[in-house]
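Novice: Quick mapping for you: the protein sequence lines, in order, are chains A and B. Just so you know, we're using the numbering used here here: the first sequence kicks off at 1 and counts up by one. Just so you know, we're using the numbering used here here: the second sequence kicks off at 1 and counts up by one.
There's no promise every hint is true.
[To be verified] Computed list of lysine-lysine pairs in BS3-like fashion (alpha-carbon distance at most 30 angstroms, straight line):
{"#": "1", "chain 1": "B", "residue 1": "Lys399", "chain 2": "B", "residue 2": "Lys479"}
{"#": "2", "chain 1": "A", "residue 1": "Lys72", "chain 2": "B", "residue 2": "Lys384"}
{"#": "3", "chain 1": "A", "residue 1": "Lys340", "chain 2": "A", "residue 2": "Lys180"}
{"#": "4", "chain 1": "A", "residue 1": "Lys72", "chain 2": "B", "residue 2": "Lys293"}
{"#": "5", "chain 1": "B", "residue 1": "Lys463", "chain 2": "B", "residue 2": "Lys479"}
{"#": "6", "chain 1": "A", "residue 1": "Lys72", "chain 2": "B", "residue 2": "Lys463"}
{"#": "7", "chain 1": "A", "residue 1": "Lys389", "chain 2": "A", "residue 2": "Lys464"}
{"#": "8", "chain 1": "B", "residue 1": "Lys463", "chain 2": "A", "residue 2": "Lys75"}
{"#": "9", "chain 1": "B", "residue 1": "Lys293", "chain 2": "A", "residue 2": "Lys75"}
{"#": "10", "chain 1": "B", "residue 1": "Lys418", "chain 2": "B", "residue 2": "Lys98"}
{"#": "11", "chain 1": "B", "residue 1": "Lys43", "chain 2": "A", "residue 2": "Lys75"}
{"#": "12", "chain 1": "A", "residue 1": "Lys75", "chain 2": "B", "residue 2": "Lys98"}
{"#": "13", "chain 1": "B", "residue 1": "Lys269", "chain 2": "B", "residue 2": "Lys297"}
{"#": "14", "chain 1": "B", "residue 1": "Lys269", "chain 2": "B", "residue 2": "Lys293"}
{"#": "15", "chain 1": "B", "residue 1": "Lys98", "chain 2": "B", "residue 2": "Lys360"}
{"#": "16", "chain 1": "B", "residue 1": "Lys360", "chain 2": "B", "residue 2": "Lys384"}
{"#": "17", "chain 1": "B", "residue 1": "Lys418", "chain 2": "B", "residue 2": "Lys269"}
{"#": "18", "chain 1": "A", "residue 1": "Lys32", "chain 2": "A", "residue 2": "Lys464"}
{"#": "19", "chain 1": "A", "residue 1": "Lys224", "chain 2": "A", "residue 2": "Lys173"}
{"#": "20", "chain 1": "B", "residue 1": "Lys399", "chain 2": "B", "residue 2": "Lys101"}
{"#": "21", "chain 1": "B", "residue 1": "Lys479", "chain 2": "B", "residue 2": "Lys254"}
The set of hints was computed from the structure by calculation and includes no laboratory data.
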Amino acid sequence: MEYEPVIGLEVHVELNTRSKVFCSCSTNFHAKPNTNVCPICLGMPGVLPVMNRAVVDAAIMVGLALNCTVSKWSKMDRKNYFYPDLPKNYQISQYDLPLCSGGHLEVAVDGRLHRVGITRVHLEEDTARNVHTIGGGDSGIDFNRSTIPLLEIVSEPDIHSAHEAFSYLTALKQILQYLKVSDCNMEEGSLRAEANISIRPAGSDKLGVKTEVKNVASFSGTFKAIEYEIVRQTRALDAGEKIVQETRGWDAGRAITFSQRTKESAHDYRYFPEPDLVPIAVDDAWIDRIQSLMPELPRARFLRFQEQYGLSPYDAGVLTSTIGMANYFEETVDAGAPPKQAANWIMGDFQALLTERKIGIEDCNASPRKLADMIGLIDNGTISGKIAKELLPEMAETGLAPKALIDQKGLVQISDESALLDAVKQVIGANPGPVADYRGGKKQAFGFLVGQVMKATKGKANPKLVNEILQRELKS
Amino acid sequence: MTMPKKLNALTAHEIRDALRAGTVTATEIAEAYFRRIAEVDPKVLAYVDVWRDYGLAQAAKVDEIVRRGDEPGPLAGVPIGLKDVLCTRQGYTTCCSKILKGYRSPFDATVVERLETAGSVFLGKLNMDEFAMGSSTENSSVQVTRNPWNLKCVPGGSSGGSAAAVAADECVISLGSDTGGSIRQPAALCGCVGMKPTYGRVSRYGLVAFASSLDQIGPFTKDVEDLAVALNVICGRDCHDSTSAGLPVPDFTKSLRQDVADITIGLPKEYYTDALNAEMREKIEGAVAVLQKLGAKVVEVSLPHTGYAIACYYIICTAEASANLARFDGVRYGYRSPISGDVHDMYSNTKTEGFGPEVKRRIMLGTYVLSSGYYDAYYLKAQKVRSLIRRDFLDAFEKCDVILAPTSPTAAFEIGEKTADPLEMYLSDIYTISVNLATIPGMSMPCGLTKRGLPAGLQIMSKPFNEETMLRVAYTYEKNRGFEMGQPPIGAQAR
């Protein structure tokens, strides 16, 4: 039978606020185990949580970016379950009144826009980390991660393929990076995605029984896990079996999902309002303040880049893929570079350089101003494109301005006619064969001769002038 | 050597004046109290931990400040005992539970810090019902505190140690906590003054939580003036407690005036029924008459939802407790069962062995009322009833300034008398729990002795954040009640 997959995604995002959500400990959990801890995030007797305002700020910003309604009045709740990595044995989360709800995200899939509803964005605290590698058969707990702020972003079941899920996650991550609210590092767990997957006969409006796939460490893993589940569920239904509502893990090595917990053994979390925290009251002024801090979002910038700079959708897409690259591009243009050339350089040599040297765009010595200057020097004939390609790594290495590097290395383009004429005459004299070939009608010999002139001038000759002089001399 | 008898009878405000006058040193006072503890506590059993070295060091610091001529603080040299539910760096913080035996807190509760800054001398930690769950202090895993007025009787609870220590002159002021009457009921049963301030008046940071939306710290004192002095020190906003109120804290000693001419006293008709013990009723009516004679008006008021208060209370407090006590799991601190094969066994055995029967009963009740399918019928309904109870009080305070009521339906009962029937024990909180549900302030003060020679307690309630009116009424009554409470027999022996 033909089935339609129905997928909803729950994404947990660790926020990169300086301090934890309910205490003043640092959120840096790379520190030595149990060093960024205090009585509050250790859940010692007698402690009380106090909401970090910066966390609410970040949550509101994410909510606004996802077109959600920010609740004027929301509250925290206790989610009760026992686990050694949860020091209070309840997690402070949000149950029936999330901070943000009812939004959507426009996701480009195969060149068309697909709208995915956002059910809710809510705040909660992260758990500690159980460590089973301390030896002696013992397990340890690292509480550095305990009480780091988390956002849970829940989508509507508006996703119908692994491909759409992947696009949604990519778009969401891009927005979170634009907002600078999270490191979005999946390997370190600062971004975690869980997929709820069911299938139903195509055309049916009744939802099938869903499974929830957890513990996937990458977007491509999520993609594969969803594809796997769709096939598994399809085969099961076709074979007349029933889908069991359950939580399934993802085994990346074997590329399969496996049953972890069925609904019968599911927790009763016994949610109730957290009495230690006052409700979160958000007024218009607060929302306005966050709105004023909001950067231009990827989709808007993508459209504006095409409109304002005449870029192709492909170029605009690449240049807006990260906020760092988009900012770099615009600063280069603002410093006087023609947009198309700036785009080519940034997407080409410059990106390659960053990849090769493994440096972030913000950390590169070759600033937008310097790149714009370099492009200017090509345009006014001071250097050739070839020289510029050599210049760029030097700029990144030394941080020097292109003009200074050119002077230092004597890289100025030779545009002096008499100097080039000498070089051309020498090449004609030294290469009678190719010269005869050219004069006999073999036009391709011309390129060889140009190359010889460039070689003789160590690449510094103005290629346009070389062409002119060589043609003139060969005619005579 | 100064006279220890006299030193033990002093109030905080008398100590402050004597220190400034130079007639006594903080060290002499502290020594007198530690002697008193050594003498009577083997009978009273109020203290679970005595901090002799620490207290004497604090006293020496106060004496040094006085010698230099500096201001030593509003509670300078005042010997204070702390309920074992308050976190202290010094000594142990066990909530009188086996599960926290030997536990040392890495921090001081905000109130403890404030008392220390004010120059207090800490004598030690006081006995209580395990995790503040109980009305007789019989649920302590350590010992059963005796009522100084009759050693066969309970001191009340859960802050029984705090009340008995003040009554037996084993400290001048003590701190307790009150979730459903745990300050006011023992204050009544031991014949001292005790207040549960408005929810939010005093920071709960460092109070080991029983029921977070009901818990409040408050003082036990020998008279109303000391109560005002203590409130001045412990009240106020704390950035570590989001539920602490940002309202300004008045100087409570300004309320110590004998003036009730403008006061209207409300008497809830639901409280004065046949269920109230006749002798208790007579004492309360006597107190009302004293105030009436001084010009206070008396009106009948109604608190129509009173009948639902106990049921509502035991749903909300157990629900919150079931979560608050979940952290005692043997993983990080406190007791861990030696039979801990896997993590599930460790949890289960640690809690089974570490908690006493009343605590287990409440955790189970609380877990049940929050369970899926029961939440709406119990917890949600109880929250709605709670709003109605609060509304009752706010409506009543439209017609009166304070409400006068008994604190406890009876005077102190005998040890073992009610332990067999938890429900009967719960009923001893009938007049106090509504105050916590309504988040309003309430206090208890002595209003005479029963024929058996046991103290009767008068409860005064007022509008939220209006402890001042309550203090004024209490002070006026205290100065005009026309009898001396005298000393409990255990105290008299020592004087």
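Novice: Determine for every hint whether it applies to the structure shown.
Specialist: Results of checking the hints against the structure:
no.	hint	in the structure
1	B:Lys399 <-> B:Lys479	holds, 26 angstroms
2	A:Lys72 <-> B:Lys384	holds, 22 angstroms
3	A:Lys340 <-> A:Lys180	holds, 28 angstroms
4	A:Lys72 <-> B:Lys293	violated, 52 angstroms
5	B:Lys463 <-> B:Lys479	holds, 23 angstroms
6	A:Lys72 <-> B:Lys463	holds, 29 angstroms
7	A:Lys389 <-> A:Lys464	holds, 18 angstroms
8	B:Lys463 <-> A:Lys75	holds, 26 angstroms
9	B:Lys293 <-> A:Lys75	violated, 49 angstroms
10	B:Lys418 <-> B:Lys98	holds, 23 angstroms
11	B:Lys43 <-> A:Lys75	violated, 49 angstroms
12	A:Lys75 <-> B:Lys98	violated, 35 angstroms
13	B:Lys269 <-> B:Lys297	holds, 16 angstroms
14	B:Lys269 <-> B:Lys293	holds, 21 angstroms
15	B:Lys98 <-> B:Lys360	holds, 13 angstroms
16	B:Lys360 <-> B:Lys384	holds, 26 angstroms
17	B:Lys418 <-> B:Lys269	holds, 27 angstroms
18	A:Lys32 <-> A:Lys464	violated, 61 angstroms
19	A:Lys224 <-> A:Lys173	holds, 18 angstroms
20	B:Lys399 <-> B:Lys101	violated, 49 angstroms
21	B:Lys479 <-> B:Lys254	holds, 16 angstroms
Of the numbered hints given earlier, the model fails hints 4, 9, 11, 12, 18 and 20; all others are met.
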